[in-house]
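Protein chains in written order, with my numbering: chain A, 75 to 331; chain B, 1106 to 1419; chain C, 1106 to 1419; chain D, 642 to 906; chain E, 642 to 906.
Among the clues, some could well be false.
Derived DSSO-like pairs (lysine-lysine); straight-line CA-CA distance at most 27 Å [unchecked claim]: (1) Lys846(D) to Lys904(E); (2) Lys904(D) to Lys846(E); (3) Lys795(D) to Lys904(E); (4) Lys1238(C) to Lys223(A); (5) Lys280(A) to Lys319(A); (6) Lys87(A) to Lys304(A); (7) Lys1238(B) to Lys83(A); (8) Lys1286(C) to Lys1286(B); (9) Lys1238(C) to Lys183(A).
From the derived model, a few chain A residues whose C-beta atoms are all more than 10 Å from chain B [unchecked claim]: (10) Ala77; (11) Thr305; (12) Val326.
Since the hints were made in silico from the structure, they are not lab data.
By construction, the Cβ of each residue, glycine as well, lies at the ideal position given by its N, Cα and C atoms.
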Amino acid sequence: EIALPSYVKDSGKLPIATTIYAPFSYIDESGKQVGLSVELAQAAAKVLGVELTIDQVPFTSLIPSLSADRIKIAWLNASVTEERLKQADFVAWMEDGTIVSTLPENKDKYAKRTALCGGTVAVQSGTAADFSADQLNKECKTAGLQEFKKDIYPSQQDTVQAVITGRADAYLDDSTSAGYYSQVSKGKLVLTGEVFHKKPIGHIIKKGDAETASMLADAIQKLIDDGTYKTILDNYGMSSSAIAKPIVYTNVSQLKD
Amino acid sequence: MNVLPLKDDSVAAKRAQFTVVPLRHPWRWAAAAIVAILLLLLLQAVVSNPNLQWPVVASYILNPIILRGLWVTVGLTLVIMFFASVIGMIVALMMLSPSKMLSLPAAGFIWWFRGTPALVQLILWYNLSLIFKDITLWLPGLGTVFSVPTNTVMTPLVAAVVALSLHEAGYMAEIIRNGLKSVNRGQTEAALCLGMKPSLLLRRIVIPQAMRVIIPPTGNETINLLKTTSLVSIIAVGDLLYSAQAIYARTFETIPLLLVATFWYLVVVSIMTVGQGYLERHYSRDEAGHDPAPGGFSRLGSILMMREKWRGAQ
Amino acid sequence: MNVLPLKDDSVAAKRAQFTVVPLRHPWRWAAAAIVAILLLLLLQAVVSNPNLQWPVVASYILNPIILRGLWVTVGLTLVIMFFASVIGMIVALMMLSPSKMLSLPAAGFIWWFRGTPALVQLILWYNLSLIFKDITLWLPGLGTVFSVPTNTVMTPLVAAVVALSLHEAGYMAEIIRNGLKSVNRGQTEAALCLGMKPSLLLRRIVIPQAMRVIIPPTGNETINLLKTTSLVSIIAVGDLLYSAQAIYARTFETIPLLLVATFWYLVVVSIMTVGQGYLERHYSRDEAGHDPAPGGFSRLGSILMMREKWRGAQ
Amino acid sequence: MKTNHFERFAISPSVMIHASDVRKSYGSLEVLKGVNISVPNGSVACIIGPSGSGKSTFLRCINHLEEINSGLLLVDGDFVGYRLKDDKLHELRASQICARRAEIGMVFQHFNLFPHMTVLENLIEAPIKVRGEHRAEARLHALELLRRVGLAEKATAFPRQLSGGQQQRVAIARALAMRPKVLLFDEPTSALDPELVGEVLSVMKDLARDGMTMVVVTHEIGFAREVADQLIFMDGGTVMEQGDPREMIANPQSPRTREFLAKVL
Amino acid sequence: MKTNHFERFAISPSVMIHASDVRKSYGSLEVLKGVNISVPNGSVACIIGPSGSGKSTFLRCINHLEEINSGLLLVDGDFVGYRLKDDKLHELRASQICARRAEIGMVFQHFNLFPHMTVLENLIEAPIKVRGEHRAEARLHALELLRRVGLAEKATAFPRQLSGGQQQRVAIARALAMRPKVLLFDEPTSALDPELVGEVLSVMKDLARDGMTMVVVTHEIGFAREVADQLIFMDGGTVMEQGDPREMIANPQSPRTREFLAKVL
Ligand SMILES: Nc1ncnc2c1ncn2[C@@H]1O[C@H](COP(=O)(O)OP(=O)(O)OP(=O)(O)O)[C@@H](O)[C@H]1O
Ligand SMILES: Nc1ncnc2c1ncn2[C@@H]1O[C@H](COP(=O)(O)OP(=O)(O)OP(=O)(O)O)[C@@H](O)[C@H]1O
Ligand SMILES: [Mg+2]
Ligand SMILES: [Mg+2]
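Throw the hints in and build the complete structure from the sequences for me.
Here you go:
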């Protein structure tokens, strides 16, 4: 039996907050919130035997809302990084890498990712790709190549638009959602090369909220064990990003190994 | 000095019958023609351009999500503008008071709320519990009368209304202050001499006259606010623009959906502009009557634009 | 009718020496005290609150990315405001012209650019290449003189300046129109009678007087624009607010970074407010001199606020 | 609420306005340097004097638009801005001052009609809102007053649609609508075309004939001679000379008065 | 660029302003119904008449602030707003009209000084910008004019700091600074306190003595009698009577004139 924090036990509800980030969480034609994250959350709620409630919270107010106890769980696919661990704890439930996305005619040109060095690359601010771009720039430097210019856009559509209008050579994207975007762009964009810079991604919780952390870890473990996890990831074509065991990150040192 | 006698009138009249050749303004006609041609070209480009996906635009115009967003936008704008005007009025009066005890806090209010980005205020109010965990009424003698968690009170909608009303009030205070200052001092004195109380004087004499100066910039402010309300999406209240963005985030139909939002904004702004014109006319109804010296400035306009005003032959 | 002789002056004076007891305003003092206490409490809560992470705020205040963003914000605001004022002035003059050929396009301009969200205009201009692939100058007889790809011309910065200048011009036109209308007709006529040309008349007589009405709402507009420039982030031009957002998106230090942005906005707005006050004073320097009937409204203020003005004993 | 101090200050109850040693300064500029004036009930006092001599300021002190610095200034035996209690003058609240001020009508040089209201609305606003009259009653009274000033047919016009003389007559009617005990006029005809001066003066003459107490600052010496019960010549913040108008005009005592009259006549 | 049409229209070259059968309507309202006036060089014409008779409108037509509908109106033998070529009147461009208008000075009832400029700036603005004078020269001329109207020490004051009479004298100096051929006055003293009227009239008398051609709309009959070479009585958009001022005032021919003079005198 999974131990529930009092706010879940007392209300009989699992309150989560999500942001719009297809295909994890987005609004469908009928205005309903759907996506991989949402399906997983529904499964988790069922495992915990409570009702699921979803708040849509834009990124900017996520962290303040956690600090203010307005929300308890940011049910996300946020990259776990050193600097972020100072502000919050994470429950990682997937592994994500970065992939290059570009126009079809440039598919071969950028198959090797260091071909981007010296060019212009678009990323969405705060995504895994944002961090990955910095790492890639370092690789350029070590390879004795010129660094590329990183253009940071506030949303995924804007990075896509930048590539389509030719203002950026390519954009770096989380491997998990890249497939989805190249699919909805109806062939305007293709993925090239392979996934690199793999790192854990997961939910954000308030620093020190061990109760919530263990509840989430236990619930996800249960979903992994009973196969629901795999079914959902398969549905979205992301089984390659699956992990065997959720990890609660509270400390920078956990990232080192 | 001797005054020359005038010739017979009919002679004078006859010798002065000339045709008048009005001044030609070739450049003005040329400019108008160029503007017209450019507009036509643009229209043609816009209508026939496949990138704008007009069929998609049409299919979303009455989409329920869009309409709900529209409703949120309009409703929030009205509510916020109401509160902002009331608060702005109070602050403006405080500003105009010669008592430092009142004018200093008012100046501080304007400084803070005009100077802080609306986004920041929204987040701070929404997460007020960061600073105050509970809202408690404590009275000496009675102890704690009631206490509620801040988060219960500060729902997203409350936070949006509070934050944006205060923010907008900073701007409205400036506008109202300017309007009140424009009312002639004689009006105030005349009303005082009739025994009117300050509140009555303000309501019946000063404000109606200040309105003429207040309304035009308030129109600007309201339209600004209409668009500023899109910030509420930050705290998960979906307005018109945000709804459009939420849709194109999924479907990548960026341009058509922005056109849908534009369409509705134009509709609302048009209605508001008509309302503004109506209000402006209402508050200058006394000018509508016989005016021996009509619209000083439309004359200047006519001179500046060198309009032909010839109405007969000299 | 017979006029009563007055008593000896000194007697009259003596019998009228009363102490005057000024009206007490207990509620006003109470209100001031409450406001002061609340402010102190708030200050204390804000300063001591660990959630606000003041050390983090301090560490980012002079961060080069933030400073670059500040520079972009200020620079864009100045450039855009300049263009918006020039265009707004032209449109305002066209609006005031009695010629429909000029006033109709002007009204259309204002309608479109005030009514369309800045975001939409930004995206449309930025993606102009969607509508026009190349910018071509074609002259009859000469054929194509030159042709450049639209994207080469429409860099993000150009798009931002064009889109926001036009957008802001819609608002400025309204403000300037209102200001020009406020200038007394007699001024125009006096200047015309001195043989001043329309352009001179406008520059030396009308505009300097219109400035008093134009400046206060323009202050509001500029501050609005300062914040509206943050839209340029969607085309990867990093302004102050966006730079802060880009940092906290990575580090999750949301509140401290918003406070950093707020700090700089307050600094800029404070400087602008001082500038505005200076301009306002400059354009009313003629009022600074001897004025037998001082500031009509500050009197009203004093009456409304029931300020004590007693300066002696009756 | 109103109390009479006639006895206390040894003033005849028939005095409507009593000023003794009234002083008033703006900052360091002393504008009234001890003014002594007494206007009996039902009489007309005309004040003349050069520009800047403090005529307007004195009128404004009477209805407490300005506070005086020292001296005694009573209207109908009571202070306008204070209550006398225990030998102390207690300042009144704004609303109380307004109630007293309503009994003192004032007519300005520049009319100061409310431009956003019709003539009728100008007349009934204060009676309804300040005196609490019924709308119908106020309307009736207003129309009668308009008839009296010869403007019955202009009730629905806006001020801007009237000539200066007509506006000033409306302003007088507006003051009368409050049924004041005394009327103060501050150069009521000096913003008017000479042609239009007559119509306003004739309304004022009618008022005087009907026994209205009036204090009139004016440059119309003819009017003063014909209508006034006393003529007051102010200069440099003091009353230089006062007395019977005919006598004073025919034979001014002080050289300043003589000089001024020579200019104006 | 200017041409003389004296011969063509059989007018004596000594005529500064010639109006024959000048008509002007606002919409359906005919304000001037055929005005005939001739003002010789160096003479003073005074126009009197009841309110609304079209006096101001006529003055405004002279310097083309209003366009006339028909008739002949020449200043110094030429049209102000047109060029006569091939028997057709060609409208001039705004800048050309302005150049001609600069030769016709105008003084308004409400002064219309530029409130944002000092007295000196008011005086030198147009000479520098319109006539192209050097700043030093314009300054010198302005100071001389200020001395002439008795305001040498007010050069750096703002209009608001001056009394009405002083403002009007500055306005006259401003018009003179353009070295006009003729000066038009529209009720220059009717917004002034009676005390201040004298100082303005005395400046105007000096001008007349110095031979300035002047057209003065006024209600100051005394001034007209003393200074004017011809007196013109307008009523209902036409000239009812004109002639020698003394004769006309002593013995008006038309009953309307008599009635009007009775009111104003
Ligand atoms: N509110 C004020 N502040 C400062 N000085 C003032 C104020 N009101 C009037 N004065 C000064 O007081 C003096 C008397 O002014 P007041 O208006 O009473 O004169 P007046 O006799 O009415 O003159 P006029 O005939 O020009 O109306 C003037 O010198 C004036 O400048
Ligand atoms: N711009 C205008 N539009 C319409 N009517 C006008 C205009 N200007 C003047 N009028 C009308 O023309 C008539 C003559 O006006 P004008 O100002 O010339 O009279 P006036 O003799 O100068 O009178 P006053 O002595 O009042 O100045 C009046 O009936 C006036 O209402
Ligand atoms: Mg006065
Ligand atoms: Mg006139």
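Status of the hints after comparison with the structure:
1. Lys846(D) to Lys904(E): 17 Å, holds
2. Lys904(D) to Lys846(E): 17 Å, holds
3. Lys795(D) to Lys904(E): 24 Å, holds
4. Lys1238(C) to Lys223(A): Given that 27 Å is the threshold and the Cα spacing comes to 25 Å, the pair holds.
5. Lys280(A) to Lys319(A): Status holds; Cα separation ~21 Å.
6. Lys87(A) to Lys304(A): 25 Å, holds
7. Lys1238(B) to Lys83(A): Satisfied, since the Cα-Cα distance of roughly 22 Å is no more than 27 Å.
8. Lys1286(C) to Lys1286(B): Holds, at roughly 17 Å.
9. Lys1238(C) to Lys183(A): Holds, at about 25 Å.
10. Ala77: 24 Å, holds
11. Thr305: 23 Å, holds
12. Val326: Valine 326(A) is indeed farther than 10 Å from all Cβ atoms of chain B, at 25 Å.
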